[in-house]
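Line by line, the protein sequences give chains L and D.
For the first sequence, position 15 (counting from the first letter as 1) is numbered 16 according to the numbering used here, and the numbering increases by one without interruption.
For the second sequence, position 308 (counting from the first letter as 1) is numbered 1645 according to the numbering used here, and the numbering increases by one without interruption.
Please note: incorrect hints may appear among the correct ones.
What the hints assert, rightly or not - If you only want the chain D side, here are some residues facing chain L, beta carbon under 8 Å, derived:
id	residue
1	T1342
2	A1344
3	T1482
Said to hold, decoys possible - List time: in silico BS3-like cross-link candidates among lysine-lysine, alpha-carbon distance up to 30 Å:
id	chain 1	residue 1	chain 2	residue 2
4	L	K111	L	K87
5	D	K1542	D	K1367
6	D	K1622	L	K87
7	D	K1471	D	K1515
8	D	K1561	D	K1504
9	L	K86	L	K65
10	D	K1622	L	K86
11	L	K86	L	K63
12	D	K1622	D	K1646
13	L	K87	L	K65
14	L	K103	L	K65
15	D	K1367	D	K1537
16	D	K1503	L	K95
17	D	K1384	L	K103
18	D	K1646	L	K95
19	L	K95	D	K1471
20	D	K1531	D	K1367
21	D	K1384	D	K1503
Bear in mind the hints are in silico, worked out from the structure with no lab data behind them.
Backbone N, C-alpha and C fix where the C-beta goes; we use that ideal spot for every residue, glycine too.
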Amino acid sequence: MPVMLPTVIRNLFGGPATRMYPVQVREPFEGARGHIEFNDDNCILCGNCARQCPAAAIEINKEKNELVFYPARCIICFVCAEACKKDAVIAANKWRTPYYTKPVEVHVAKGKKEKAKKE
Amino acid sequence: MAPRTVAPFGPQHPVLPEPIQLKITYEDEKVVNVVPALGYGHRGIEKACEINDYPKNIHLCERICGICSCIHGISYCEVVERLWPMEIPPRAKYLRTIWSEMSRTHSHLLWLGLLADALGFESMFMQFWRIREKVLDLLEMTTGTRVTHSVSVVGGVRRDINDEQKKICIRTLQEVRKEAEALINVLATDPTVKARTVGKGVLTKEQAIMLGNNGPHLRASGVKEDCRMEGMQAYGELGFEPIVETDGDCYARTLVRARETLQAIDLQLEAFSKMPEGEIYVRPKGSPPANEAVFRSEQPRGECFYYAKGNGTRNLERLRVRTPTFANIPSLLVMLPGSELADVPVIVLSIDPCISCTER
C-alpha cells in the first residue's frame, strides 16, 4: 500500500510509542489533578470543602474536632482545594495508587486555636 | 422463502463498548427486521440533578458520557447561565470553544480508529489512537485530567491557558493535523475500506429529516445543519462553516467525521490566535431564579439539547437532556433492513453510538 508507506517507514525506525509502564512512569503535568492532601495544621474546620464537595467525600465532625476524608468517594475535581481559604487542602499532581480496601482518613484539625484567638 | 432466524446483536458485542441490544431477524444473509432494546445503562442522572445543588451538577453532567464529557459540562453551565440570564467574559467563551473543539478532535479520532478496527484494519486503528494520545495530553495539560475535565463552571471557566501552554498546544495541534491528514488520506483511498463502506447503510436526505437525525450523521446525508452555525460561544467570530456530504452512506459519514477532525483543529488554531485577554469568571448573583431555559450544543455525535427549570432555590426544579444518539438510533431501523449481516457492525458503528449518553 504505497499511500501508507511513509507511516510504515516512520514506525519502523521510530521506536515504540508506548512505555514500559510499571518501570517507567511518565511525570504528570504541572497542573494535573492527581489527588488531595490535608494540612492539618492549617485546618480550622470551617466546612467550606465539605459543603462544596460534589461527591460527599469529606465529613466534618466538630465535636471530635475531626475531618474525615473518604478517598474512594473523591472524584478529584479539586473544588475543595479552591474553596479552602486556609491552604489546608493541598492539590497534588501525582495519582494515588489503587487500593484493595476503601481507606478512610481521619484528620484532627489543629488550626482551630489560632482562629479562636482572632475572634 | 428461506427460514427466518432471530439473532441478538449485543448487549455485549465487540464493536459496541456499551450495552444496546438489536434483535436482528434475517433470511439467509439478508437482514429483514431490527428491533432495538434500550435501557441497560440507565443511571437516573436527571433525577439526581434535581437533588443536588446546582454547582455540583456540573460534575454529574460530565459523567453522562466519557467522550463528550467536556461539552456536557459546558452545556449544563450554559443552560443554567441562561436562567438569570448572565453574560460570561469573552475569554471564557473562547476557552470553552477551544476545549469543545479539542474534545471533538479526540472523539472523532477515536471513532475513525474504531471504524478501522471494525473493518479489521488494526494497524490503522493503532495509528489513529496514537495521534489521539497527543490531544489527550493537551487536555491533561490545560484542564488537569484526560477524561472528566471539570473545567467549566456557572459564570465562566476554572482554568486559564497561559502563553507557554498556548505555544505547546499550537505546536502539537499542527503536528496532529499533519499526521491525521496523512492517515485520513490512507483511510479514504484504501480499496478495502471503500468496498466495506461505499453504498452500505444508505440514508437519503428525506429519510434523515423525517427520522429527526442530527450531527455528522445528518450532514452526511446532505443536510446543512449544525448548532455551531448559531454562533454560540466564540463560533460566531471564527467563521464556522459546516461540512456536508451528499451520498448518505457509511463512506460519506466517515468523510464527514474525517474532515471535521481537521476542521476542529483549524478552529482551535484560529481561536488561539483571536483569543482576547481578560477575566475568565464572573460570580453568579444568588440562586438561579424561577425561570426556564434551553440550550443546544453540537457534540461530536450531534445536537445535544439541555432544558433547565429553576425555582429560586439552589436546586433545579427540572433538568432534561436529549442526547444525539437517541435521535440517531431510529435511522438504524431504516438502514439495516436489506443489508448483509456482515455489514451490520459497520452500519451500527457509523452512527457513532453513545449509549451511556442516550440512557443517562
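Verification of the supplied hints:
| no. | hint | result |
| --- | --- | --- |
| 1 | T1342 | violated, 37 Å |
| 2 | A1344 | violated, 34 Å |
| 3 | T1482 | holds, 5 Å |
| 4 | K111/L <-> K87/L | holds, 12 Å |
| 5 | K1542/D <-> K1367/D | holds, 24 Å |
| 6 | K1622/D <-> K87/L | holds, 25 Å |
| 7 | K1471/D <-> K1515/D | holds, 13 Å |
| 8 | K1561/D <-> K1504/D | violated, 34 Å |
| 9 | K86/L <-> K65/L | holds, 22 Å |
| 10 | K1622/D <-> K86/L | holds, 21 Å |
| 11 | K86/L <-> K63/L | holds, 18 Å |
| 12 | K1622/D <-> K1646/D | holds, 17 Å |
| 13 | K87/L <-> K65/L | holds, 20 Å |
| 14 | K103/L <-> K65/L | holds, 22 Å |
| 15 | K1367/D <-> K1537/D | holds, 13 Å |
| 16 | K1503/D <-> K95/L | holds, 23 Å |
| 17 | K1384/D <-> K103/L | holds, 27 Å |
| 18 | K1646/D <-> K95/L | violated, 39 Å |
| 19 | K95/L <-> K1471/D | holds, 20 Å |
| 20 | K1531/D <-> K1367/D | holds, 20 Å |
| 21 | K1384/D <-> K1503/D | violated, 39 Å |
Violated hints, in rising order: 1, 2, 8, 18, 21; the structure is consistent with all others.
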